[in-house]
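Trainee: Each chain, written out:
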Amino acid sequence: MIFLALIFYALWAVSLRYDIWMFQQNSYMPSRYYTWFKSDWLANSLSKGLLSPPKVPLVWTRRVIRIVAVSVALGLLLLSLSWKLGGTALLVVMAVLVLLLDKLLVVLANLILSPVEALIRRWYYQDARRILDSHPDLVVIGVTGSYGKTSTKNYLYRILSEKYNVLVTPGNYNTTLGVVRTIREQLKPYHRFFIVEMGAKQPGDIREICRLVRPTVGIVTAVGPMHLETFGSIENVRRTKFELLEALPEDGVGIVNLDSEGIASAKSFPCRGRLLGFGIRSAEADYKAGDVRYSPNGTSFTLEGGSDGRVVYHTPVMGEGNVLDIIGAAVAAEALGVEVGARKTGVSKLAAVEHRLSISTRGGITVIDDAYNSNPEGAAMALDVLQRIEAPEGAKRIVVTPGFVEMGPEQDRACEEFGRHIAEVADGLIVVNRLNRDALCKGAGSMGEALYIAEDLREASAMVARLALPGDIVLYENDLPDSFK
Amino acid sequence: MKTKVGLLFGGRSVENEISVVTAVQTSESLDADRYEVVPIYISKQGRWYTGDGLLKVENYRDLTRLLASSSEVYMKPLYGDYNLYLNGGGLFGDKVVATLDVILPTLHGTNCEDGTVQGVLASIGIPFVGCGVLASANGMDKITMKMILRGCGIPVVDYFWFNDKSWYADRDKVADALEKTLKYPVIVKPANSGSSVGIRPAHNREEFFEAAEYACTFTTRIIVERLITALKEVNCSVIGNYEECEASVCEVPQRSGEILTYEDKYKGGGKGAKSKGMRSTKRELPAKLADGETEYIQDLACRTFRALSCDGVARIDFMKDEDDRRIYVNEINTIPGSLSSYLWDAAGLPFDKAIDRLIDIALARSREESFKITDFGGNIFKDLGKGARMGKFSK
Numbered sequence: 071m072i073f074l075a076l077i078f079y080a081l082w083a084v085s086l087r088y089d090i091w092m093f094q095q096n097s098y099m100p101s102r103y104y105t106w107f108k109s110d111w112l113a114n115s116l117s118k119g120l121l122s123p124p125k126v127p128l129v130w131t132r133r134v135i136r137i138v139a140v141s142v143a144l145g146l147l148l149l150s151l152s153w154k155l156g157g158t159a160l161l162v163v164m165a166v167l168v169l170l171l172d173k174l175l176v177v178l179a180n181l182i183l184s185p186v187e188a189l190i191r192r193w194y195y196q197d198a199r200r201i202l203d204s205h206p207d208l209v210v211i212g213v214t215g216s217y218g219k220t221s222t223k224n225y226l227y228r229i230l231s232e233k234y235n236v237l238v239t240p241g242n243y244n245t246t247l248g249v250v251r252t253i254r255e256q257l258k259p260y261h262r263f264f265i266v267e268m269g270a271k272q273p274g275d276i277r278e279i280c281r282l283v284r285p286t287v288g289i290v291t292a293v294g295p296m297h298l299e300t301f302g303s304i305e306n307v308r309r310t311k312f313e314l315l316e317a318l319p320e321d322g323v324g325i326v327n328l329d330s331e332g333i334a335s336a337k338s339f340p341c342r343g344r345l346l347g348f349g350i351r352s353a354e355a356d357y358k359a360g361d362v363r364y365s366p367n368g369t370s371f372t373l374e375g376g377s378d379g380r381v382v383y384h385t386p387v388m389g390e391g392n393v394l395d396i397i398g399a400a401v402a403a404e405a406l407g408v409e410v411g412a413r414k415t416g417v418s419k420l421a422a423v424e425h426r427l428s429i430s431t432r433g434g435i436t437v438i439d440d441a442y443n444s445n446p447e448g449a450a451m452a453l454d455v456l457q458r459i460e461a462p463e464g465a466k467r468i469v470v471t472p473g474f475v476e477m478g479p480e481q482d483r484a485c486e487e488f489g490r491h492i493a494e495v496a497d498g499l500i501v502v503n504r505l506n507r508d509a510l511c512k513g514a515g516s517m518g519e520a521l522y523i524a525e526d527l528r529e530a531s532a533m534v535a536r537l538a539l540p541g542d543i544v545l546y547e548n549d550l551p552d553s554f555k
Numbered sequence: 006m007k008t009k010v011g012l013l014f015g016g017r018s019v020e021n022e023i024s025v026v027t028a029v030q031t032s033e034s035l036d037a038d039r040y041e042v043v044p045i046y047i048s049k050q051g052r053w054y055t056g057d058g059l060l061k062v063e064n065y066r067d068l069t070r071l072l073a074s075s076s077e078v079y080m081k082p083l084y085g086d087y088n089l090y091l092n093g094g095g096l097f098g099d100k101v102v103a104t105l106d107v108i109l110p111t112l113h114g115t116n117c118e119d120g121t122v123q124g125v126l127a128s129i130g131i132p133f134v135g136c137g138v139l140a141s142a143n144g145m146d147k148i149t150m151k152m153i154l155r156g157c158g159i160p161v162v163d164y165f166w167f168n169d170k171s172w173y174a175d176r177d178k179v180a181d182a183l184e185k186t187l188k189y190p191v192i193v194k195p196a197n198s199g200s201s202v203g204i205r206p207a208h209n210r211e212e213f214f215e216a217a218e219y220a221c222t223f224t225t226r227i228i229v230e231r232l233i234t235a236l237k238e239v240n241c242s243v244i245g246n247y248e249e250c251e252a253s254v255c256e257v258p259q260r261s262g263e264i265l266t267y268e269d270k271y272k273g274g275g276k277g278a279k280s281k282g283m284r285s286t287k288r289e290l291p292a293k294l295a296d297g298e299t300e301y302i303q304d305l306a307c308r309t310f311r312a313l314s315c316d317g318v319a320r321i322d323f324m325k326d327e328d329d330r331r332i333y334v335n336e337i338n339t340i341p342g343s344l345s346s347y348l349w350d351a352a353g354l355p356f357d358k359a360i361d362r363l364i365d366i367a368l369a370r371s372r373e374e375s376f377k378i379t380d381f382g383g384n385i386f387k388d389l390g391k392g393a394r395m396g397k398f399s400k
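As given, the protein sequences belong to chains A and B, one line each in that order. Heads up: the first sequence is residues 71 to 555, going by the numbering used here. Heads up: the second sequence is residues 6 to 400, going by the numbering used here.
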C-alpha cells in the first residue's frame, strides 16, 4: 500500500512539474494553456512532452512555488475527501484522475491565487512609483510604434550614452510588468534618462505604462497593419500608439514619423506639448532629412529643422527604415539637450546588427549582409540600398538569395514579386537551393544569362568568388543559414 | 535609492594607515543624500572587512579589537557579480552585505595602486574610481612611467635601471654600466615603492653599492636617477580622463633633508598631524613660482595624465633643477594621499564636488567600455573539422 502511494507521489510530482512548466510557457493564461492542451490532448495528458522538452527551462519563481503549493493542497484535499467518502476504491479512482487531469488543478490553483497575484503586482507597481518619485530629475522618454521602436530605442540609448548615464528597458520588457521590474531592479540615482519601450497588445496598455512612468518626451515610430486581429483597424492601432502623445505634459515633446502612412494620415494629434514631425519624403515634416547616400563606408544624410541648421550625419547603419529610426532618435536627442557634436559622434558610433544590412568590404568587393532578414519589406529596403549604393562606373550589383520562407500561401507570389524587383535593380542573381527556385526564376526571367542557380550556399559563394570583381557589390538577402560568414 | 559606494582602503602596503586617513576624509565628504558608503578595509594580511567602526580613526589604535568587531567580507571575481558577501556562516550560501554600484579605492602603495586591486575590479566589471589597470601599473613603476613620458616628449630626468638579478650576479658590471650613463651624485630607488621607502642618495661608487644593496631588499626593479642638488619640488594634481582633464594649483611640499622622506610626508606638521595625513604636511600653497612656470607645470601635468591614460584624480610630482632652471616630471601618484583634496580646495573645487566628478568619470568609463567589442561571437571549434587545423588556419 505504501509502495503504491510512493509510486503515485512520484508520478504526480513528474506530472505536476510538467504541467506547471507548460503553464509558465503559456504565460499563465488558461486560454493559451487550453489551446496547447487541445493540440495533442492524449500526449499532453500523459506528459509525453517530457521526452522532448522545449528549450526554455522551467523557472522556479515565487509564483510557480505558490501555484505548486496550492495545486498540491487541492489534490490532497480531493484525495482525502474521496477516501473519507468512498474508501480505498474511490481513492484509487481519484488518484488516477489527479494524475491525468492535474492541469485542471493548476488552472484552479492559479484562479484561487489570482487575488494574491493582483495584490503582489500592485505592491510592485507602487514600489516602482515610489522609486520614480524619489528621482525627480529623471527624464523619461517613451518609444512606441508598430515597428522600429526597438531600433529607435537602441539608437537613442547609444546617442545619449555619449555623455549621460541612461537606463533603457531591456529587450522584451515592453509591458507594464516589465517596466516595473526594470525600475525596481536597475534604476540608479545616477541615471539621467530612462528610455521606456512601450508595447501594446490591446488599447489602454500604453496609457497604463505612461501613468506609471510619466514620460516627457515621446516618439511614435510608425503605425502599420500589425496585430489587426486584436485592434480591428488601423485607426485603433493609431489611437493606441497615440496614447503616448496624450500622456505628454504641456512642456513635453512628441516626435512622430511622418513618412509612416498610418501616422501622416491622422487628422489630429492629441499632444499637449510640442509636436515635431520628421521624415525623408514627407513635405510637412518639421525635421526634413535628405540627401541619403549609401557607400561602402555606410550612410550619410542631412537633417534640417532644428536650431543647428543643416546637420550632416554619417553612420554605418544602412537602409531607409533604419535611417528613419536614427532620425527619430536624433530629433529626440536634440530635444533632450544633447548638442550637435555629441549627436553626430553618437550617430557615427551606431553599429549595424550583424547580418541585418551590415556592410563590409572583402578583397575590394562590397558585401551587404542581410542574411537574417525574413520579410518582403526588409528585402525591398535592401534592394533599395543595393540600387543606390555608390560604386565605380561599371560595377556589377549581384543578389544572392533563397527567397522567403514560412510565408504559407503567400510565399510563391512574394518570391515572384521579389524576383521581378531584383531584375529591375541587379546585374546578377544567384538563386540558392530549390525551395523558391521556380517562383524566383519566373519573376526574374528577364535577367536571362545573368540568372544563376546554386544548390546551396557553398556553391553560391563559389560563384560569387568567380563572378565578382573589386568594386562590385554583392547582397546576401534572407534566411541564409547560421553558419553563413 | 542611493548610489552604493564601496569605499576600499587599507591594503597590503606600507601606506595602509595613510589610506585609512584618506578613506575617512573621503567618507565624510560623500554627499549623504546621494550616496550610501560601504566601508571595505583590507588588512595588512590581505583579508577584507566591513563595519561602521572602520570609519573612525580612533578605533585603529587597537586594530585587533576593531577587526574582531567587524565582519569579514569578500567579493567574487565573477563578471557582473557586484555583491559584497559575508565570509562564512550562511547555511545556504553566504549572505549579501550589499550590492555595490561603484568602488572608490583609496588605497596607496604596492598591491594597491599598481593595478593589482584594479585588476580584480576590472574582472568583476564593476565601475571603479581612478586609473584602470594599465595606467595604475605604468604609473606605479618609475621605470615604465619614464619610458612612456620620454616617448611622448615629456621631460624626465636622466635615468638608468637594472634588475636585482643582474645586481646579485655581477655588482661591478652594473656599477660600471651606471657610471657610463650617469654622473654622481645619483639617487637609487626601488622602481615601485610608494612614499619614499627604500630610497637612498649616492655620491660615489661606494655609496651606490650600499644604496643598491638596500634597494634590492625591497624590490626586483631598481631605478637610478641623476640627483638634482639644487632641488625644488612642485606638486600639481589633475582630475578628469583622456577626453577632458584639468590641473589644480601647484604646491611646494616642505622637506627636512636632501629628499622628502617618509617622516617628512606623514609625521610633519602640528597638533593632530598624525591623523591628518597629507593634509597636515607643511607646504607652500599655492607655490611661488617664476613667471609662466605655473602654467608650464599645469600643462605638463595634463600631458602626463593623458600620456599614461589616467582616469580620476592623480598627483604629479615635479622636480625643478634650480641650477639650469629645467623642470622635470618626477613621478605620478595615481591614488594620491587625501585624493589631493587640499590642492583642489585651493583651486576652488570643494572635495564633495570633486568626489561627485570622480564617480561620474568612473561611470563614464564603464559606459564607454560597454560599447567596445570584446567578442566576435562564433566558435572556432565548431569549424575545426572543416580543414582548419589547430594553430594554423587553412586559406
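In short, the hints are calculated from the structure, not lab data. Misleading hints may appear alongside valid ones.
[What the hints assert, rightly or not] Calculated cross-link-like contacts (lysine-lysine; reagent style DSS-like; alpha-carbon spacing at most 30 Å):
hint, chain 1, residue 1, chain 2, residue 2
1, A, Lys233, B, Lys61
2, B, Lys61, B, Lys81
3, A, Lys414, B, Lys61
4, B, Lys377, A, Lys419
5, A, Lys512, A, Lys419
6, B, Lys81, A, Lys258
7, A, Lys258, B, Lys170
Note that this is a predicted model, so its numbers are computed, not measured.
Trainee: Tell me, in ascending order, the numbers of any earlier hints that this structure violates.
Mentor: 1, 3, 5, 7
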